[in-house]
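**Q** Turn these sequences into a full structure, and let the hints guide you.
Residue numbers (my numbering), protein chains in the order written: chain Z, 1 to 400; chain E, 1 to 158.
These are computed hints drawn from the structure, not numbers from a lab. Predicted, not measured: the structure shown is a model, and the values here were computed from it. Heads up, some of the hints might be wrong.
Unchecked claim - Below 25 Å or equal to it, Euclidean Cα-Cα: the simulated BS3-like pairs (lysine-lysine) are:
#1 K114/Z with K113/E
#2 K113/E with K72/E
#3 K138/E with K117/Z
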Amino acid sequence: MDSLTEEKKLLRATYLFCLISFFNLAIIKPKFDAGAIVIGVVICVLMGYAHFIVRRFFPDGDKYILIFGCILSSIGMVMIYRLDSKIAVKQVIWFVLGIASFILIVILLPELKKYAKFKYVYLVATLIFVSMSTFIGTEELGSQNWVKFHGMSFQPSEFGKIFLIAYLASALKDYENFKQLIEPACVVMVTLGFMVLQKDLGSALIFFAIAVTMLYIATSKFKYVAVSLVLFVIGCLISYKLFGHVRLRVMIWKNPWPYRSNQSYQVVQSMYGIAWGGLSGTGLGLGFPNYVPVNIDDFIFSAICEEMGALVGFAIMILSFLLFYRCMRAALFAEDKFSRLLAVGYSAMMAAQVLVIVGGVTNMIPLTGITLPLVSYGGTSMLMTFMGLGVLQKISEGGR
Amino acid sequence: MKSNYLYLAAINLSGLNGLSGIFKYIIIGIIYAIIIFALRIMYKDMKNGDKKQVRPSKKTFGLEVIDSGMSKMLKNGSVIPINNEITIGRREDNSVVIQEGYVSGYHARIFQKNNSYVLEDLGSTNGTILNGDRIENKVYIRTGDELEIGTAVFRVIG
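**A** Given below as structure tokens:
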């Protein structure tokens with residue numbers, strides 16, 4: 001069996017999932033909801049079209065990156081439609097834009113090697129984006145990480161992530177001795193500082209995970225990883241002492257039950273939801289996911305676990321892992337060290353995001369509000385993840 | 001919250017509770033079928049090792065020798081087929097050997113990328129000339145292009 005028939009089999013199963021889920025969503029409404037069917041068909045057509053473009057014009061690349069991305073986003077869109085059909089339409093538009101930017105990056109981006117030399121451009125861009133919301137940001141849901149600009153709002157830390165990875169890749173690519181690590185280390189520390197100031201602890205954790213992974217891949221020395229872990233623990237203790245919001249998160253994490261009607265309302269409702277859903281869930285439209293606040297965004301995982309079952313929750317983690325594996329595989333074929341580190345950075349970013357938010361909503365680690373990549377509602381996050389996947393797709397073509 | 005209750009009441013009235021309960025098993029089944037397909041594909045991929053699969057190219061592509069120059073091994077009018085990759089140079093282990101002083105040991109390389117072919121100069125001393133211009137690093141080549149390596153002249157046919 002050649003790879004094309006395998007890809008088609010996978011895609012056909014995805015279409016089936018999409019159509020059946022949206023049919024289910026259409027019949028649970030009091031009146032048959034034709035809009036759901038339309039959205040399901042639109043998503044299927046988009047996935048098929050994107051796969052066709054990649055297969056026809058870029059056969060050297062890895063086609064599974066796109067397929068796994070599409071499966072994850074279709075699960076997300078099913079759940080968002082169940083929770084709020086108006087927002088789901090917006091999410092479909094973001095999905096279209098995400099796919100479009102993926103294809104544009106694959107078509108337009110020349111060899112990545114050329115971009116390795118703009119180290120200081122990336123450095124400046126990283127610092128601008130991570131510091132932006134400290135100065136002009138607005139506070140939302142307990143963390144100051146949104147910037148409102150002419151009626152549009154976006155999270156600058158999402159852009160900051162992309163630029164930090166590019167900066168670290170170009171800074172670490174010619175690693176030879178310890179001295180070269182001082183500058184990137186300072187940059188990472190400054191970024192982490194800004195994130196803690198903005199009370200965006202989830203992003204801080206992800207920035208740290210990205211930096212440590214890239215450091216280890218670039219130097220393959222465990223002692224640097226150990227040193228950064230020690231520094232990270234010290235940093236955590238200091239911010240625990242200094243900042244009230246860090247103490248609050250840890251307090252909720254240790255024992256959420258005494259504060260279940262105020263500070264820990266979200267996470268307790270999320271745990272109730274997951275427990276109520278059980279292994280196979282209540283069925284779409286039969287649970288009570290609307291009790292969990294921000295259920296389309298950060299808490300989509302608990303909404304999915306409640307209505308579609310913990311089995312689908314596990315499936316999301318397995319699919320994210322498969323996507324991570326495909327992305328790391330692209331790093332193997334990369335022709336130069338810059339693209340290899342870039343691929344490692346982007347895949348680490350996605351994996352870290354999944355672990356942090358899934359751990360957060362199940363109260364295994366202190367809850368920090370970030371999006372579940374591709375599944376959650378969120379324009380910036382969707383667009384940035386698809387752009388990152390586009391770069392990975394380009395890297396997977398390899399230079400030979 | 002009130003609208004939520006109304007909504008649930010509407011579901012109970014419409015009597016489709018049972019259907020959603022059946023659909024949830026179908027949905028879980030499909031998702032795990034996807035995962036099993038995917039794992040099977042990944043397993044095959046790992047068995048292949050880290051080698052890239054060589055795709056058989058549908059387009060035939062080749063180089064026609066127009067002027068063999070000083071080399072005695074090439075003949076005017078002969079055709080060199082390109083399958084995935086060829087290397088050109090003076091050393092014996094190239095796929096096309098041109099024995100003359102103007103050609104470097106490993107001079108140039110032509111390989112397939114996506115649906116087109118790329119000509120890469122491997123840092124030769126006297127350069128590779130495509131349609132009269134010396135190339136820098138890599139360029140895409142099309143049917144009808146003429147390339148000069150040393151004193152030999154080739155035309156791309158396809």
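**Q** Work down the list of hints and note, for each, if the structure agrees.
**A** Hints versus structure:
no., hint, in the structure
1, K114/Z with K113/E, "18 Å, holds"
2, K113/E with K72/E, "31 Å, violated"
3, K138/E with K117/Z, "19 Å, holds"
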